[in-house]
Amino acid sequence: MTEVILTVTNPVGLHARPAKLFVETVRAYKSTVTIQNLSRPQTKELPVTAFNLLQIGVRQGHQIRLRASGEDEAEVIAALTKLVEENFGE
Amino acid sequence: MSATLRGAGGAAGLALGPAYHWQRVSIPTDPPNEPPEAALARFHAAQHTAAHRLRALAERQRAAGLREADLFDAQALLVEDETLTDGVTALLLDGQPLIPAIQTVVRQMEEALAALDDDYLRERAADIAAVGVELLRALSGDHAPPPIPPGAIVIADDLTPAETVDLPHHVAGFATAGGGPTGHTIILARSRGVPAVVGLGEAILHIPAGTTLLLDGDAALVMVDPDEAALQAAQERMTAIQETRRRQAALRDLPGRLRDGRSIALWANIGRPAEARLARDNGAEGIGLFRTEFLFLDRSAPPDEDEQFAAYRAVITELPNRPIVIRTLDVGGDKPLPYLPLPPEANPFLGVRGVRLSMQRPDLFQVQLRALLRAAFYGDIWIMLPMVTTLADLVWGQEQMREAAAALAAAGIEHRADPPLGIMIETPAAAVLADQFARHAAFFSIGSNDLAQYTLAVDRGHPTLATQYRADDPAVWRMIDLAARAAQQAGIPIGICGELGGEPDAAVALAGLGLNELSMAPARIPVVKERLAQTSWAEAQAAAARMVQRVE
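First to last, the sequence lines map onto chains D and L.
Read in my numbering, the first sequence has 37 at position 37, and its numbers run on one by one without any break.
Read in my numbering, the second sequence has 1532 at position 532, and its numbers run on one by one without any break.
If we strip away everything but chain D, and leave its shape as in the complex, we get (with noise of 0.2 Å):
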């Protein structure tokens, strides 16, 4: 398992295109995905669907708990790393 801790800075938070982009990184690769919303400790660890990113609500300044498993899991875990840390190509 990967594991990563990110903190989200674009201004619409995990909606809209970033969420969009989200999930489909997600479905490119092999691998399972969670997320888990850690600025909203009553949200629980989910997989990566857009249903459940409206669901943990990702605000800007959230911090974001990723793990993925399977035989990819250290690529997606970098593409979506990749994704928040350059604001979604915003």
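Some hints here could point you the wrong way.
As the list claims (entries may be wrong) - Which residues of chain L face chain D? A partial, calculated answer using Cβ under 10 Å:
#, residue
1, D1070
2, L1071
3, Q1075
4, V1079
5, L1084
6, L1116
7, D1117
8, R1124
9, S1300
10, P1303
11, V1331
12, P1338
13, E1345
Hints in this document: simulated from the structure, not taken from any laboratory.
Backbone N, C-alpha and C define an ideal beta-carbon position, used for all residues, glycine too.
Since the structure of chain D is provided, determine the placement of chain L on it from the hints.
Just chain L now, kept in the frame of chain D:
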């Protein structure tokens, strides 16, 4: 009897017409005793249809240059969402019919969001509801909704974003019981230019069909059976608006010029090939800025030569025989690309961006140049380098272009070897040395947004400083003036492709500086064209002198 209903938000404009009660396609029924496998197959087909329709809507919005396109992409993802799919599948295997299964799962998903302690996310429950509507619509098959009479004011409980963009163009406006001032429905109405009021409450639904309504989107209210005085005031406002539109439409196919005949071309800025049509429809005489970033963003590998060539040619097809200024890739550390890793910089705006990035990655630049030279064989392509600061930047670009042309010639590929190669004037260095640049560049184009940032040393998005330091500062105008004089001295064309060109007052002064071309968002062209046609050359020159000489 006259009455006024107040809404929670509006989309600007005035509409007068008969009330028309809009009906959603009625909820379809399931075939009796359908086996779960058949229901599941219908469900998957409906998901496919709905996602396809939403993505097509996103494409349409994007082609019209509207940012709201992303919303439809996000909804398309939700249509295919695992939570929805798994939930519905489980109910079907349990023996439930399809329609109630979808309704149940959609309601559960809506409730999950509505329970969150976040207003913004609670509003997103509307996205889930919209997804449910789209799925039911897909299941109901193709039968078209009843036609809406032209000029009617559409009344609905609520409209999903897809339903909003689907309203025919001949509706006068729409009024909904639900919806808020920041909802997607009203934002879409604004970008479509349809007068609308949302959040009017139940009362609007009880108005008899055919009742005369006066809808005022600016004031977010609807007058039911307006009295004579209100009607007359509204008629006057509408006549004035229509008169302006008519005058601007009459200028559409005429070239841009001042009142006394001096010509100043009005070109359009576009970010995708599909927007070229919008440019043409607004009377653009050329493309003054075609940003190529769309080809490079949101993907894991750079676009190849053929893909780029096709995109550039697509614009030529829309605007044959018109000049098309294509800017080479303009990204930097603030907009990095997955296949183009850039080390983090303390100051991305003073770092590797624009042509500086191309100089570090000549491999990518060669591919773009080859595609541009091939496209230039078919149309009047001008190539523009962004973020040029030193003469060496431009000389490097010229060498690269010669190299690309030589390679194409050696391979026997059709191309034009010498299209005009010009530069953006967006750094103070380029403006101050404009006389030297003018001897080597084929044209100048002022990038006023960045030129203002770099001249005034202020970030345009700065929360407290941005309002004090603006693109109409005399320091910026002196930079523009320097570039304009140098261009005129050398006999090369100079234009502008920053936001300043689309502001009527600024456009007059820019014309007065002797610019040959103003390029702007397509929708700005009619307004600016009309303003210029009302201004004499002497007035424009006086306006220019005021901007350049002004004391703050």
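*Quick one, is the L1084(L) hint okay against chain D at 10 Å, beta carbons?*
Result: holds, 7 Å to nearest chain D Cβ.
*asked:* Using the nearest Cβ pair, does L1071(L) come within less than 10 Å of chain D?
replied: L1071(L) check passes; min Cβ-Cβ to chain D is 7 Å, inside 10 Å.
*Restraint outcome when P1303(L) is required to lie within 10 Å of chain D by C-beta distance*: violated (15 Å)
*Proposed interface contact between D1117(L) and chain D, which counts if any beta carbon pair is under 10 Å*: Holds: closest Cβ of chain D sits about 9 Å from D1117(L), inside 10 Å.
_Hint check: 10 Å Cβ-Cβ cutoff, P1338(L) to chain D_ = Constraint on P1338(L) satisfied, holds at 6 Å.
*Mind checking the CB of E1345(L) against every CB in chain D and telling me if the closest is under 10 Å?*
violated (12 Å)
*Does Q1075(L) pass the interface hint, meaning its C-beta sits closer than 10 Å to a C-beta of chain D?*
Holds: closest Cβ of chain D sits about 9 Å from Q1075(L), inside 10 Å.
*Using Cβ atoms only, decide whether V1079(L) comes closer than 10 Å to chain D, and label the hint accordingly.*
This interface hint holds because 9 Å falls under the 10 Å limit.
*Status of the hint placing R1124(L) at chain D (closest C-beta pair under 10 Å)*: holds (5 Å)
*Against chain D, is V1331(L) within 10 Å by beta-carbon distance?*
Holds, about 9 Å.
_Per-residue hint verdict: D1070(L), partner chain D, C-beta under 10 Å_ = holds (4 Å)
*Do the numbers back the hint for L1116(L), that is, is its least Cβ distance to chain D under 10 Å?*
Holds. Min distance 6 Å.
Going through the hint list in order, the structure does not satisfy hints 10 and 13.
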